[in-house]
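From first to last, the protein sequence lines stand for chains H, A and L. Residues 113 to 440 in the numbering used here are what the first sequence lists, from first letter to last. Residues 300 to 674 in the numbering used here are what the second sequence lists, from first letter to last. Residues 1305 to 1676 in the numbering used here are what the third sequence lists, from first letter to last.
In short, the hints are calculated from the structure, not lab data. Treat the hints loosely; a few may be bogus.
[As the list claims (entries may be wrong)] Here are the simulated lysine to aspartate or glutamate pairs, DMTMM-like style, with alpha carbons at most 25 Å apart:
#1 H:Lys250 with H:Asp296
#2 H:Lys263 with A:Glu505
#3 H:Lys214 with L:Glu1416
[Stated by the list, open to error] Cβ pair distances, simulated, as ranges:
#4 A:Ala537 with L:Ala1622: 28 to 36 Å
#5 A:Arg301 with H:Asp403: 34 to 42 Å
#6 L:Ser1644 with H:Thr186: 49 to 57 Å
#7 A:Leu645 with L:Arg1322: 48 to 56 Å
#8 L:Val1546 with A:Ser382: 29 to 37 Å
#9 A:Pro616 with L:Val1546: 14 to 22 Å
#10 L:Ala1364 with A:Ser382: 47 to 55 Å
For every residue, glycine included, the Cβ atom is placed at its ideal position computed from N, Cα and C.
The primary structure of each chain is shown beneath.
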Amino acid sequence: MRFPWSQRAEAEAVRDDGGVAINVKGLRKTFGDFVAVNDVDLAVGRGEIFGFLGPNGSGKTTTIRMLCGTIEATGGSAKIMGYDIETEADKVRLNIGYMSQKFSLFSDLTVDENLRFYAGIYGLTDEKFIERRAYILKMADLEGREDELTKNLSVGWKQRLALGCATIHEPKLIFLDEPTSGVDPNARRQFWELLNELASQGVTLFVTTHYMDEATHCNRLAFIYRGDIIAEGTPQEIKSALSADTILQIEVADGESALAELLKHPMVDEGYMQGSLLNINLGHNSASDADIPGYLKKAGFDLLHIEPVEPTLEDAFVHLVGQQGGRA
Amino acid sequence: MRRIWAITRKEFIHVIRDPRLLMVILAMPLIQLFLYSYALSFDVKHLPTATLDFDRTTQSRQYLDALQQSNYFTINQRLDSYSGVDKAFESNSDKVVVVVGSGFGSNLAAGRAGNVQILVDGSDANSAQLGRGYSSALSRVYGGKVVVSQVEAKGFSTGSLASLGSNTRVWYNPEGKSAAYYVPGLIVVLVTTVLVLQTANTLVKEREMGTYEQLLVSPIRKIELMLGKIAPWALVGALQIILISTIGIVVFQIPFRGSLLLLTVSSLLYVSCALGMGLIISARASSVDSANQLAGLIAFLPTFMLSGFVFPISSMPWALQAVSYAFPGRYFMVITRTIFLKGGGLEVLWPQMLALTIFAVTIITLAASMYRERA
Amino acid sequence: MSWNRIRLLIWKEFTQLRRDRSMLPILFIMPIIMLLMFGYVVGSDIKNLKLAVLDSDNSAQSQRVVDAFVSSSYFTVAARPQNEAQLKEALDGGQAAIAIDIPKGLSDAVREHRSAQIGVVVDGSDSRTSQVALQYSSGILSSLGAEFYPRPGGLSAGGVNVQTRIFYNPTLRAVNTMVPALLAFILLMSTTNIMSQAIVKEREQGTLEQLFVTPIGRTDYLLGKVLPYIGVAFVQVTVIFVVGVLWFQVPFKGSLWVIFGGLMLFMLAAIGIGMLVSLMSGSRQQAQQTSQLLQMPQMMLSGFMFPIDAFPVWLYYATYLIPLRYILVIVRSNFLKGSSFSELWPQFAAMAVFSVAIFLLGLSRFHKRLAD
Chain H
113 MRFPWSQRAE AEAVRDDGGV AINVKGLRKT FGDFVAVNDV DLAVGRGEIF GFLGPNGSGK
173 TTTIRMLCGT IEATGGSAKI MGYDIETEAD KVRLNIGYMS QKFSLFSDLT VDENLRFYAG
233 IYGLTDEKFI ERRAYILKMA DLEGREDELT KNLSVGWKQR LALGCATIHE PKLIFLDEPT
293 SGVDPNARRQ FWELLNELAS QGVTLFVTTH YMDEATHCNR LAFIYRGDII AEGTPQEIKS
353 ALSADTILQI EVADGESALA ELLKHPMVDE GYMQGSLLNI NLGHNSASDA DIPGYLKKAG
413 FDLLHIEPVE PTLEDAFVHL VGQQGGRA
Chain A
300 MRRIWAITRK EFIHVIRDPR LLMVILAMPL IQLFLYSYAL SFDVKHLPTA TLDFDRTTQS
360 RQYLDALQQS NYFTINQRLD SYSGVDKAFE SNSDKVVVVV GSGFGSNLAA GRAGNVQILV
420 DGSDANSAQL GRGYSSALSR VYGGKVVVSQ VEAKGFSTGS LASLGSNTRV WYNPEGKSAA
480 YYVPGLIVVL VTTVLVLQTA NTLVKEREMG TYEQLLVSPI RKIELMLGKI APWALVGALQ
540 IILISTIGIV VFQIPFRGSL LLLTVSSLLY VSCALGMGLI ISARASSVDS ANQLAGLIAF
600 LPTFMLSGFV FPISSMPWAL QAVSYAFPGR YFMVITRTIF LKGGGLEVLW PQMLALTIFA
660 VTIITLAASM YRERA
Chain L
1305 MSWNRIRLLI WKEFTQLRRD RSMLPILFIM PIIMLLMFGY VVGSDIKNLK LAVLDSDNSA
1365 QSQRVVDAFV SSSYFTVAAR PQNEAQLKEA LDGGQAAIAI DIPKGLSDAV REHRSAQIGV
1425 VVDGSDSRTS QVALQYSSGI LSSLGAEFYP RPGGLSAGGV NVQTRIFYNP TLRAVNTMVP
1485 ALLAFILLMS TTNIMSQAIV KEREQGTLEQ LFVTPIGRTD YLLGKVLPYI GVAFVQVTVI
1545 FVVGVLWFQV PFKGSLWVIF GGLMLFMLAA IGIGMLVSLM SGSRQQAQQT SQLLQMPQMM
1605 LSGFMFPIDA FPVWLYYATY LIPLRYILVI VRSNFLKGSS FSELWPQFAA MAVFSVAIFL
1665 LGLSRFHKRL AD
C-alpha cells in the first residue's frame, strides 16, 4: 500500500542557539491559587540526557507540557531548540518528539498504521518513511508484526513502538515523561540502551522518572519539589552534597518498627526503607558516637547486619526533601 | 457471601463517587416525572388559528368567540382572503384557519344552516387530527345552541329535537390526570433504561480496564462476581421504583388501588429481567461504545416504543405487535398500570405475571451461562 | 491548517471505525430501526381500538350502533360482555380499551322520537387512546343521531354546517410528520453522541495529548474529527430520506437545498454540543451519561413527539432554547408544504444564532482545555 498523501518534509534546520537545547527562564504555572511550577530556570545542553526528577504531583508533567506547548505558561519564557514556546509553537513542535507514560498509540490501529499516521503528521516523504519505518521496526524488534493491532502487543513492545512513533521525524530533542513506568526490568534496561544510542547520535533527551537507578544514566539532573527546583547538577554533584554525612545501612528483623524507633534517636537526621534494608543518615555525627547497635539492642531489636555506605541518589533526595519539609 | 459483599461495596463506592451517575439515576427520573406529569401530553390546546370571516356579522363574531373561548384555539390573526391561507400555513404562524362563509349570519337567522369551512395544516398529524375533532365538535355545539334558541323562539317544544347523546365515563382516571397515565409507565421505562445500561457498562468497562482479570485470579468465583456486580443495581432499581411510586402517590395524588405484594413480586421479576439483559449485552459487546449502543437498541427503544407506554400497541402493524411480545417491558407495563389505576389482582394479571416469570427465568439462565462461557 | 494532515486524520478515524466490529453495523442499522420505530409506532394512527359491546337492547337500532363503530375502522369488537360486571372485567383485564353500553329501550326511544343515550366507557389509564377514542365515538354517535332522528320540516337545515379540509397531508398519516423530523434527530444523535465519545476515547488513551505535541493544530484536529462523523451522519440522513420517500411514501414537496442548508446549520449546533459534552466528561461513560441527560429534554420538548402548543407557558418559553425545535419546523414545513426560505427565515435566523453561539462556545472551550 502506497501512502496516498505524501508531502515534502517540513522540518527546518534547527536554529542555532549556542549549543543549548532547552533554555527556561522563570517559567511559572498556576491553577487558581495553587502554584504548580514556581519560577523555574533550566538550561539543557545539546546531546545531554537530562533527568528531571521529583515525587508525584511536584510539577514534572506540568513543566513538560508547557515546554511541549500543550498548555500555556502563566509566566516566564522558554526556548526550545532556539524557538520560543509561546510565539513559535509550530516550529517547536516540528523539532521535538514526545512520549508519555501512557504510550499514546492508537490501540485499534496496526503497528504499520500507527507509523504511517505519525509519518504523515510530520510530513515525511515516501522514501524517508520507508527508511525510518525499517529502522524503527528493527529498533523496536517489531519486524514481522507490522500488521498486528497495537492493543495486542506486550507492554515492552508498545513502549518501544511509542518511542519509534515519537522519533519518526528524527527530532533533535525528545521529551520522555515517565517512559518506563509499568515496564519490567529487562525491558527497562533495553529501553535505556535505545536512549543511550539516541544520545550518542547527538539527540537531546529530557526524561522524567521516579526510578533512582535510572537517574544515574543521566548526564545531569534537576530535582523538582512542590514546584521548585531544589537541586541541579551531575549525579556526582548531587550526591556530593552528602559526602560529609555518615550513612548506615542496617539489616534488622522488623524493619518498620526499628525505623520508627531509630527516628527518635537524637543523632539520626533521616531514615527510610530501601527494600528490606534500612538506611539512616547521621549527618556529621560519627557512627561510634551514635552507637546504633546498642540503641537497637536496648529497644529489643535483633540487629543482623550494619555497615556504613556511600551516599546514593536516593539518600540525596530524601535529604533534600527533608530539608524542604523542615523549611516549610 | 463475604466476597459478594466486597464486590458490592466496591460497586457502590463507584456510584457514590460519580456525581454524574447519581444525576442520571436520581435526577433523570425526577425530571421526567415532572415533565410527564405537568407538561407533556398529546392533547392540544391553544392551537394557533387564523380566521377568514367573509360574513362579518354579530353571529359570525359570536361563533368565532366561542371557538376562542374553548381554549383549544388561539386566534392570532384575521385574514382578508384565501390567498393568506397558504402563507399562514407555510410560515407556520397558524395550524388552523376557520373560514366563515358569507351569509352565515343571515342563514342562521333564517333557520338555515350557516356554512363554515375549517382548514387544517396536516403536516403535524396529531395536532391536525385533534384540531379537526375539536373544531367540528365546538361548531356542532354552537349550532345546536342556536337551533335550540330558535326553536324555543318559534314556540316549538324542544322535545321535538331528539338526539342521540352519549353518557361518557372515563374509568380509572376520571380527571384525566397526565400523572396517572404516565407514572406507572415511567417506572417501567426508567428502570429498564438505567439498569440495562449500567449493568452492561460496568462489566465491559472492567474488562477494558483489565481490572476484571485481576478479580478473576482472586479466589472469587465468577458467579459471585456476577452477583456482586449486579446487586447494587438491583437495589438502585428497587429504590427507583419506590421513589417514583411515592412521589406519584404523594405529590401527584395518583391512586394506588391494587396489591402492594403483587407490585413487589412483579417488580422483582422485572428487575431480574433488566439485569439479565444487561449481563447478556456485556457478554456480547466488544467495547463500552457498542455496549451503550446495544443497550439503547435492546433496552430503551423497545421499552419506550413497543411497551404501550405512550403509543397504543393495538394500532401498530401486526409485525411490530408480534415483536412487542418479545420484550418483557410490555407485560410489566400492563401490570403496573393495572395495579395502580385499576386495582386488578392476580385474577386478571396472571397471564402477564406468567409471561414475566418465564422471561425472568430464561433471561437469567441465559445470562449466567453466557457469562460463564464468555466473560 | 493543513489539508494533508486533515486527510490523514480522516483516514485514521475511518480505519478505527472499521475496526470496531460492533460499532459499524450499529451506525447503519440505527437509522433503519429508528425509521421503523418512529415510522410505524409513533407514526401509527390510532385505530383498531379494542371495543367491548354490552348490548341490552338487541334490536336493529342497537345493531346499527355497533356497525357504525366497526365500520369506522377505528374500533374492532373484542368482547361482548353480558352485564356490567363482565364489562368491568373486560376493561380491568385490558381486553378492551373502550366499551359501549347500549341501554334497553333504545329502539323504543328512536321509534317514539325521544332522545336516547349510549353509555361510553373509556379506559383512562392510557391517555392518548382514551382521548382519541372519545373523539371518535362522539363523532360516530352524532352522525348516527342525524340518521336516527330526521328533523321535522323547516328545522332540518338549522345549525352550523362544517366542512373540513386538511392541507398537505389529507389522510393525516402520522408517518408523514415523523420522517422529516427524523432527518434532524438522527443528525443530532450521531454527531453529539458518537463524536463526543470518539474525542473522550482519544483523551482516555492519551493519544490526544500526543497529537498536540505534533504539528497538528487544534483546527486540523477538530476538522479531522468532525468531517468523518458528518460523513456518517449524511449517509444516515440519506438512508432515512430515501426509505421515507420510497417505502413510507412520504410526499416530498420541498427543496433539497432548503433541507440541506437547514441541516448543515443545525449540524454546527450539534457539533458544538458534542464538543461541550466531550469537554465536560472525563470518561466515555460520563460522556454517554451527559449526552443522555442533554438528549432527553431535547427529544421531549422540541416538538419531536409532543405538541408544544399545549405546554404550560413557562415550559413553552423554555422550548425556544432548544435548537432542535427550529430545525424541526424547517424540515417538516419544507418537506411537506414546500415552505421556502422566505417563509422559514425566522427559524433559520434563530437557528443561526444558536448554532453559531453554541459552536463558538464549544470551539473556544475546546481550544482552551482539550488536553488538560
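The hints, checked one at a time:
| no. | hint | in the structure |
| --- | --- | --- |
| 1 | H:Lys250 with H:Asp296 | holds (20 Å) |
| 2 | H:Lys263 with A:Glu505 | holds (16 Å) |
| 3 | H:Lys214 with L:Glu1416 | violated (92 Å) |
| 4 | A:Ala537 with L:Ala1622: 28 to 36 Å | holds (33 Å) |
| 5 | A:Arg301 with H:Asp403: 34 to 42 Å | violated (50 Å) |
| 6 | L:Ser1644 with H:Thr186: 49 to 57 Å | holds (53 Å) |
| 7 | A:Leu645 with L:Arg1322: 48 to 56 Å | holds (53 Å) |
| 8 | L:Val1546 with A:Ser382: 29 to 37 Å | holds (35 Å) |
| 9 | A:Pro616 with L:Val1546: 14 to 22 Å | holds (20 Å) |
| 10 | L:Ala1364 with A:Ser382: 47 to 55 Å | holds (50 Å) |
Hint check: violations occur at hints 3, 5; the rest are consistent with the structure.
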